[in-house]
Every structure is written in structure tokens, then in C-alpha cells.
Amino acid sequence: MITVEFLGPIGIAPMAMAVATFDELSEQLMKSEEIAFWLPVCAVAINDTLIHDRSTPLCDGDRVSLLPPVCGG
Amino acid sequence: MLRIVEGPLHSESIYTYWYARYSSHNYGAYITFTGIVRAEKGVDALSFDIHEPMLRAWFDAWQSRAATEGAIVLMAHSNGDVPIHECSYIAAVLSQNRKVALKMIDEFVEDFKANAPIWKYDVKENKRIYAMDRSTPIEGAGILSTGRANE
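If you're matching them up, the sequences are chains B and Y in order.
Start counting the first sequence at 25; every next residue gets the next number (our numbering).
Start counting the second sequence at 105; every next residue gets the next number (our numbering).
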């Protein structure tokens, strides 16, 4: 199982998911219209490290974070 | 040094503390950038959410980059609400000479705006409204929205 957390303004509680790949994760998340809205603009981190390679495996216990567009300052 | 403060920053005390701490370290240039909340569009305040672990990782990477040019970077940022005309952000670079610091403060602040994991909201009538139209997707955004990797 992994945990998916939705940072900043997304406002959705963390979810536990039984997925092992980005493809599986994407398919699961796309089932929610509310989450699907955010996916095109969200970066993704695993255990607080940004991921740029969609083939990165997801391991049991991983914490996946969705980061929407930012604006500090 | 990265400081996260609840509410507005007390800019004078932060400048003074950084100056006192580093003025004897033989840096010849101390350049600061200060962000002040403007009164516009009827906002009462801005509000911020910070994902601290990734902000610290982003900042540490910048500190390593600055070290390669004999410089250091400093930053303070507010979490939560900051009323108009108060300070929400201070960035600084110290270096041996001005050219390095002047160039780096621009790069540091621009990368901060594009990639630091901080979210901004307008506060109007006690409601927080995400400033999506002023926000920037982090590099690599959309990785979960595309089709299967082998398609």
C-alpha cells in the first residue's frame, strides 16, 4: 500500500492505495473528477523527492504527494 | 539559513540579525529582496501554506549551489496570514563581491517563485481563495495526467 496526499489548496484527505506503478496510480486517481481536475497541473513527489520519470516504481509504504501550482513570496 | 514564521515577518529584526551574524564573515556584499503584501483587488491579506520538508530540500540545494561561488543564501517566509503592507518574504545573498550576489539574488528569487512548495491565497472577508491564476506549475507537472508509459 502507498499513501497519496494532496498538498496546498487541493483540500482532499490522504488516501491509501494498492498500486505499484504510476500508470496504476493515474488510473485510480482519474476515477475522481475532483482529483482529475488537478492532475495536469500537479507535480509529484515520492517521500518528498520530486519525480520526473513515470517509470519510477511505487514501493510499499511510499508517500506520494501531489503538488499543485506554487506561488510563494 | 531558512526561517519559517507564523504570520508577518519582522523585517528589520531579520535584516539586523543576519547582518550581525554574517558581517564578520568577510563577505563584501549583502543583497536582500523583500516581498511586501500589496493592497489590490480588495484583499485584506495574503495567506500561505508551506510544505516544509520539500522547501528545506529546495533551499539546501540552493545553499550547495551558492557555495560553489563562495556565497550563501538566506531566506525567511511567512506561513499563514499576512495583512496588506506587511512583509511575507525576505531572500538574501552574501558573497565576496557584488556581481555574484546581484546575479544570484535574481536567480534565487525567480527559482523560488517557480519551484518552492508554497501556496498563496487571497484573503477576502475571512475567506481564503487560492491564487491559481498567479501560480506556476512546478517543473515536471502533469506526470500523472498522461497516458500509459508504453503507449
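One should not assume that every hint holds.
[What the hints assert, rightly or not] Have a look at the derived ranges for each label pair, beta carbon to beta carbon:
(1) Y:D215 x B:G85: 24 to 34 Å
(2) Y:A165 x B:C83: 21 to 31 Å
(3) B:A40 x Y:F137: 37 to 47 Å
(4) Y:S117 x B:P81: 31 to 41 Å
In case anyone wonders, no lab produced these hints; they're calculated from the structure.
Glycine included, C-beta positions come from ideal geometry on N, C-alpha and C.
How the hints compare with the structure:
In this structure, Y:D215 and B:G85 meet the distance hint of 24 to 34 Å, their C-beta atoms being roughly 31 Å apart. In this structure the supplied range 21 to 31 Å holds for Y:A165 paired with B:C83, their Cβ-Cβ distance being about 24 Å. Roughly 42 Å separates the CB atoms of B:A40 and Y:F137, a value that falls within the hinted 37 to 47 Å. Distance hint check for Y:S117 and B:P81: the Cβ-Cβ separation is about 47 Å, which falls outside the suggested range of 31 to 41 Å.
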